[in-house]
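Residue numbers (the working numbering), protein chains in the order written: chain A, 1 to 231; chain B, 232 to 368.
Hints are computed from structural coordinates only; laboratory data are not their basis. One or more of the hints may lead you astray.
[Unchecked claim] Once the Cα atoms are required to be at most 27 angstroms apart in a straight line, the calculated DSS-like pairs of lysine-lysine come out as: (1) Lys52/A with Lys307/B; (2) Lys301/B with Lys111/A; (3) Lys307/B with Lys355/B; (4) Lys346/B with Lys52/A.
[As the list claims (entries may be wrong)] Here's a subset of chain A near chain B, in silico, CB distances under 8 angstroms, partners left out: (5) Thr27; (6) Asp28; (7) Pro166; (8) Ala167; (9) Thr169; (10) Arg171; (11) Asp172; (12) Met176; (13) Gln178; (14) Glu179; (15) Pro186; (16) Gly188.
[What the hints assert, rightly or not] Just the calculated beta-carbon pair ranges, DEER-fashion: (17) Asp73/A with Lys301/B: 42 to 48 angstroms; (18) Arg208/A with Asn296/B: 31 to 37 angstroms; (19) Asn296/B with Val96/A: 31 to 37 angstroms; (20) Ala81/A with Lys358/B: 47 to 53 angstroms; (21) Ala316/B with Gly60/A: 31 to 37 angstroms.
Even for Gly, the Cβ is constructed at its ideal location relative to N, Cα and C.
Residue strings, one per chain:
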Amino acid sequence: MKRSALLVMAAGVLWAASGIRPRGSGTDYPAHETAGGVTIGAAVIPADQVRKAFATDLHGGGYVVLEVAVYPDGGKEIDLASGDFMLRAGADGEIVRAASGSAIAAALQRKNAPRPAKGSNVTLYPAATIGYESGGYDSVTGQRRSGLYTAVGVGVGVGQPPPPGPAATDRDRNTMQQELEDKSLPEGKTAQPVAGYLYFPKPAAKARNSYELTYYGAARQIKLRLPAPAK
Amino acid sequence: MTLRTALFSVVLWTPLAAHPHFHLGGIVAGAGYWHGGYSPWYYDPFLFYPVYAPGYHTGFGYRPNMGAVKIEGPDKDAWVYLDGALAGRADKLKQIWLDPGAYELELRSGDRRAKQKIYVLSGKTLKVTPELMEARP
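So here's chain A without its partners, still in its complex pose (with noise of 0.2 angstroms):
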């Protein structure tokens, strides 16, 4: 009972250490709205602050981040699921769902392993050798040698495999992981205003003018208009 109870404890520290503060009220974000007993706010993260805010290259790695805070009208709790949030990018776009910190931080790290050659790093050099010799006697017969001789072999290399790129370890997607989770909106029951960062797969160019968030967690679905950060 007594450890069930620490370990409960220990939890509730663990999730109320993630997400970022939230901001005043929602009407501090470029897009907000209220439904369902929530007020959800939001706000695309331009990439130069994107830069600055994580250690992790997302933006270089292909994800938009979104600020995101949920406040819950009245003291109301809520159940908060980071798979509760979709994006849609332009007006006809696809939808996408958030990613979650492990998944960027494996896919990171591989991007930045060093490549291995393709096939193997041993290379094969043909050589061929034709020559005219003259001069010299045959031990065997004593008699004076010339005329064409020929040589065929093969030089073999072995080289060493590149040297890793940064953040490429596993103490960095180890690193890269807990950031992403630290900063992550976070999940789980709450009557609280919380806030932090969601991020998603990167559209196509053409349609990074406008996105459109919605949560579907609400009692009905809350959308937002979100518009592209200026560059």
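Knowing the structure of chain A, use the given hints to seat chain B on it.
What follows is chain B alone, placed relative to chain A:
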């Protein structure tokens, strides 16, 4: 001849006894491998290696697979703490090298404190500015 000079001469000339050589005035020429001691002209590229490692004098020197943290624009007199342990003064720790991982970075200047969790990745430089930190009086 001092004792030091005598010892130096022994170390320098002893190997020549084992190899063919000849004297031409004050010049000695010969063949053979040098194995009697360290030549005064011997150069070891790694002899002073740590001196040249970036950040060596701060105690957070560079090693492969480390990431850099640049502390920009804080109070010159601020003390920097990493995971609660004193790292040094901000003006001395312009760039420090750390293993990949998450760290609690804290600046203390007088009664002002600024604390931030930082994430260090190998081969990358993280710039930390006081504007990004929460001031805790």
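Evaluation of the provided hints:
| no. | hint | in the structure |
| --- | --- | --- |
| 1 | Lys52/A with Lys307/B | holds, 22 angstroms |
| 2 | Lys301/B with Lys111/A | holds, 25 angstroms |
| 3 | Lys307/B with Lys355/B | holds, 24 angstroms |
| 4 | Lys346/B with Lys52/A | holds, 17 angstroms |
| 5 | Thr27 | violated, 23 angstroms |
| 6 | Asp28 | violated, 18 angstroms |
| 7 | Pro166 | holds, 3 angstroms |
| 8 | Ala167 | holds, 4 angstroms |
| 9 | Thr169 | holds, 6 angstroms |
| 10 | Arg171 | holds, 4 angstroms |
| 11 | Asp172 | holds, 5 angstroms |
| 12 | Met176 | holds, 7 angstroms |
| 13 | Gln178 | holds, 5 angstroms |
| 14 | Glu179 | holds, 4 angstroms |
| 15 | Pro186 | violated, 16 angstroms |
| 16 | Gly188 | violated, 21 angstroms |
| 17 | Asp73/A with Lys301/B: 42 to 48 angstroms | holds, 44 angstroms |
| 18 | Arg208/A with Asn296/B: 31 to 37 angstroms | holds, 35 angstroms |
| 19 | Asn296/B with Val96/A: 31 to 37 angstroms | holds, 34 angstroms |
| 20 | Ala81/A with Lys358/B: 47 to 53 angstroms | violated, 34 angstroms |
| 21 | Ala316/B with Gly60/A: 31 to 37 angstroms | holds, 33 angstroms |
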